[in-house]
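Participant: Generate the whole structure from the sequences, applying the supplied hints.
Respectively, the protein sequence lines represent chains A and B.
Residue numbering for the first sequence follows my numbering, starting at 1 and increasing by one per position.
Residue numbering for the second sequence follows my numbering, starting at 1 and increasing by one per position.
If you're looking for bench data, these hints aren't it; they were derived computationally from the structure.
Fair warning: this is a prediction, and the values are worked out from it, not measured in the lab.
Heads up, some of the hints might be wrong.
The list treats identical chains as interchangeable, and a pair is accepted whether it falls inside one copy or across any two copies.
[Unchecked claim] Here are the simulated lysine-lysine pairs, DSBU-like style, with alpha carbons at most 30 Å apart:
1) K191 with K120
2) K241 with K170
3) K245 with K171
4) K164 with K300
5) K173 with K248
6) K245 with K120
7) K164 with K117
8) K16 with K173
9) K199 with K241
10) K164 with K185
11) K27 with K199
12) K16 with K185
13) K322 with K170
14) K245 with K322
15) K117 with K173
16) K3 with K16
17) K117 with K241
18) K185 with K245
19) K164 with K67
20) K191 with K67
21) K67 with K16
22) K3 with K170
23) K241 with K173
24) K170 with K67
25) K300 with K245
26) K164 with K45
27) K185 with K120
28) K45 with K191
29) K3 with K199
Given next are the chains, with one letter for each unit.
Number of protein chains: 2
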Amino acid sequence: MIKLAIDAMGGDYAPKEQVEGAMLAIKANPDVVLTLYGDEAEIRKYLTNEERITIVQSEGTIDMGEKDPIRAIRSNRNSSMALALSSVRSGDNDGVVSSGATQALIAGSHILIGRLKAMKRTAIAPLIPTVDGGSYILLDAGGNLTITAEYMLMQATFAAIYAKEVQGIKKPKVGLINIGTEPGKGRDLDKEVFELFSKTDYFDFIGNVEPKEVLDPGCDVLISDGFTANIVMKCIEGTAKGLGKILKQEITKGIFGKIGSLILKGRLGKFKSRLSAEDIGGAMIYGLRGVVVKAQGSSKAYGFSRGIHQAATIVRNDVLNKVQQTLKQ
Amino acid sequence: MIKLAIDAMGGDYAPKEQVEGAMLAIKANPDVVLTLYGDEAEIRKYLTNEERITIVQSEGTIDMGEKDPIRAIRSNRNSSMALALSSVRSGDNDGVVSSGATQALIAGSHILIGRLKAMKRTAIAPLIPTVDGGSYILLDAGGNLTITAEYMLMQATFAAIYAKEVQGIKKPKVGLINIGTEPGKGRDLDKEVFELFSKTDYFDFIGNVEPKEVLDPGCDVLISDGFTANIVMKCIEGTAKGLGKILKQEITKGIFGKIGSLILKGRLGKFKSRLSAEDIGGAMIYGLRGVVVKAQGSSKAYGFSRGIHQAATIVRNDVLNKVQQTLKQ
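Facilitator: Given below as structure tokens:
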């Protein structure tokens, strides 16, 4: 059985949506057992079916706006997030799903789970939506501000194994974020990465990708250093937010009226909500001795159940061991 | 009189729109005389009023898609762009306005005009539209991939003087592109810039700005190194392009029909067309011994006349000397 720890208290609508999401995930994944960490009385308000679900009582919470995530974790060892993470280190669970604060989850994963031997750095890998309704993996969205080409190769390899095992992509394509498409473009780091990635067999390197294709990059993984990729993620969000504002001004006035509102509530609105950098959804933290999936803070039951499904798929397909084996070679 | 060189052959609709734009600019700026560089016979097809306009015959053209901009300039010394730039070095003109290829214009400016003594690096500074219909100066959109904090201070000071003298902003606000708003965020360069900018009197430093505010940054100048700022510019374009595609799919189908098309042709469409990274409009190249303004390649007469107006305002307000004096202190 796949054993997952659920941070039932993290998220804008916790524990209700987390508990309901857990029950949905149980139905959809017959090989999964869940432990819900949180306030038992609160959880029981929404838990209508205890099949393959256990509750562990937590104490204290991690504030979503916490400025010092390391301190937040250290001073809240019995919070639902910290207990869930610790349960992976102790071997009680294979992975964690949390809608809690991203920075606290990253810091907590480092402190309470620890690093996979073969990965020299951890990384956070959100899924960025594309215009055709799909998504790609963005690396590294905030872990490492400075990094070497070798570490980026490890991260890209991890992402390629993830794309293959979890998303079913046979030969994942990896692109390097750069200011031009020609080889030789960019900073020294970019040139080194280009050369190193050109020689690898771990994935299909498609070369440089300019961010003017950022919602339609033609690859499954888009990589840069943690500073640049974080800027890219926030820039997508900022542009979507800004254009949304203009569109709203434009189409709620005059002749457009109600039709405009309908448009905003449609696919574009959904797209925008998937694009919040503060609130990355479906992101996996790479490089840990356990599976950690960050579900969106604003997750409702179905969205959260998809996060659990994602974590279960990663465990089921033995992604961490495959990464470990590949990188040891 | 203010003497400006016009590259009449650069641009998607050259020389027609450039010639008509020149005549519009002459009307709006009584203190300006223009020299149009290009094919005289072609220019005369559209020139209906020669008041304060001279024509100088050019030979050869610079291809918009030229991969090697330095060679393009070197092997086309008599092209309209090269002649216009050379006329600034020789003192015949105070500045140049061109809708030609951005990279060729930057390379040509270096080779044919040369650097201002007080500026150690040149920079390209496009105007990025904001949600409220205004704009801000983005630095450096592609000149210097690696740069020091001191050079960034020079560029920001140039931009602040530009904002004051050309845009009439009393105490221009400058923001640093970063991955978080708190002091201490970012790479070593960002921390150094933060410290250096905090001590300056040249402008009002508002601190770090995250790109999730990229269309509404709350400042007049947004700065980063040439790699990051170029990525930001292209990412805004890519997101706008991607969302435009989704919106188009959404609103041209079903019940929305024609109303959808109207929306796309409105302010949003205009906004998108202002956002092409390949085709920066209203961008000044900083750090040269002359005024060089890049008008959008797709400029029509009015847009091009605004580029001429912009160059005239820069000359009229003696921006280059003010920069030189300020940075010499």
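Participant: All hints are to be evaluated individually against the structure, with a verdict given for each.
Facilitator: Quick rundown of the hints versus the structure:
In this assembly of identical chains, K191 and K120 lie within 30 Å of each other by CA distance both inside one copy and across copies; the values are 21 Å within and 25 Å between. In the homo-oligomer, the alpha carbons of K241 and K170 lie at most 30 Å apart only across protomers (29 Å), although the nearest pairing inside one protomer, at 35 Å, exceeds that limit. For a Cα distance limit of 30 Å, the shortest separation of K245 from K171 across copies, 27 Å, qualifies, whereas the shortest one inside one copy, 39 Å, does not. When the C-alpha separation of K164 and K300 is checked against a cutoff of 30 Å, the pair qualifies only within one copy, where the shortest distance is 27 Å, while the shortest distance between copies is 49 Å.
Taking the closest pair of Cα atoms, K173 and K248 come within 30 Å of each other only across two copies (28 Å); inside a single copy the shortest separation is 36 Å, beyond that limit. For the homomeric pair K245 and K120, neither the shortest alpha-carbon distance inside one copy (42 Å) nor that between copies (39 Å) is at most 30 Å. Taking CA atoms no more than 30 Å apart as the test, K164 paired with K117 passes inside one copy only; the shortest distance there is 21 Å, against 55 Å between copies. Taking the shortest alpha-carbon separations for K16 and K173, neither the intra-copy value of 38 Å nor the inter-copy value of 45 Å comes in at or below 30 Å.
Neither within a single protomer nor between protomers do K199 and K241 lie at most 30 Å apart by alpha-carbon distance, with minima of 39 Å and 33 Å respectively. Proximity of K164 to K185 under the C-alpha cut-off of 30 Å is restricted to the intra-copy arrangement: shortest distance 29 Å within a copy versus 35 Å between copies. For the homomeric pair K27 and K199, neither the shortest alpha-carbon distance inside one copy (44 Å) nor that between copies (60 Å) is at most 30 Å. Taking identical chains as interchangeable, the C-alpha atoms of K16 and K185 are never at most 30 Å apart, the minima being 50 Å within one chain and 35 Å between chains.
Only within a single protomer do K322 and K170 lie at most 30 Å apart by alpha-carbon distance; the minimum there is 15 Å, versus 60 Å between protomers. When the C-alpha separation of K245 and K322 is checked against a cutoff of 30 Å, the pair qualifies neither within a copy, at 45 Å, nor between copies, at 38 Å. Taking identical chains as interchangeable, the C-alpha atoms of K117 and K173 lie at most 30 Å apart only when both belong to the same chain, with a minimum of 25 Å there against 47 Å between chains. Proximity of K3 and K16 under a CA criterion of 30 Å is satisfied intra-copy only: 21 Å inside one chain copy versus 70 Å between copies.
Neither within a single protomer nor between protomers do K117 and K241 lie at most 30 Å apart by alpha-carbon distance, with minima of 40 Å and 41 Å respectively. With identical chains, the CA atoms of K185 and K245 are at most 30 Å apart between copies only, with a shortest distance of 28 Å across copies and 35 Å within one. In this assembly of identical chains, the alpha carbons of K164 and K67 never lie at most 30 Å apart, being 36 Å within a copy and 36 Å across copies at closest. Taking identical chains as interchangeable, the C-alpha atoms of K191 and K67 lie at most 30 Å apart only when they sit on different chains, with a minimum of 18 Å there against 35 Å within one chain.
Taking the shortest alpha-carbon separations for K67 and K16, only the intra-copy value of 26 Å comes in at or below 30 Å, while the best inter-copy value is 57 Å. Taking the shortest alpha-carbon separations for K3 and K170, only the intra-copy value of 27 Å comes in at or below 30 Å, while the best inter-copy value is 62 Å. Proximity of K241 and K173 under a CA criterion of 30 Å is satisfied in both settings, with 29 Å inside one chain copy and 22 Å between copies. For the homomeric pair K170 and K67, neither the shortest alpha-carbon distance inside one copy (41 Å) nor that between copies (35 Å) is at most 30 Å.
Taking CA atoms no more than 30 Å apart as the test, K300 paired with K245 passes in both settings, with 25 Å inside one copy and 28 Å between copies. Taking identical chains as interchangeable, the C-alpha atoms of K164 and K45 are never at most 30 Å apart, the minima being 39 Å within one chain and 61 Å between chains. In this assembly of identical chains, the alpha carbons of K185 and K120 lie at most 30 Å apart whether taken from the same copy (27 Å) or from different copies (23 Å). Taking the shortest Cα distances, K45 and K191 never come within 30 Å of each other, neither inside one copy (56 Å) nor across copies (48 Å).
When the C-alpha separation of K3 and K199 is checked against a cutoff of 30 Å, the pair qualifies neither within a copy, at 38 Å, nor between copies, at 55 Å.
Taken one by one, the earlier hints fail for this structure at numbers 6, 8, 9, 11, 12, 14, 17, 19, 24, 26, 28 and 29, listed in ascending order.
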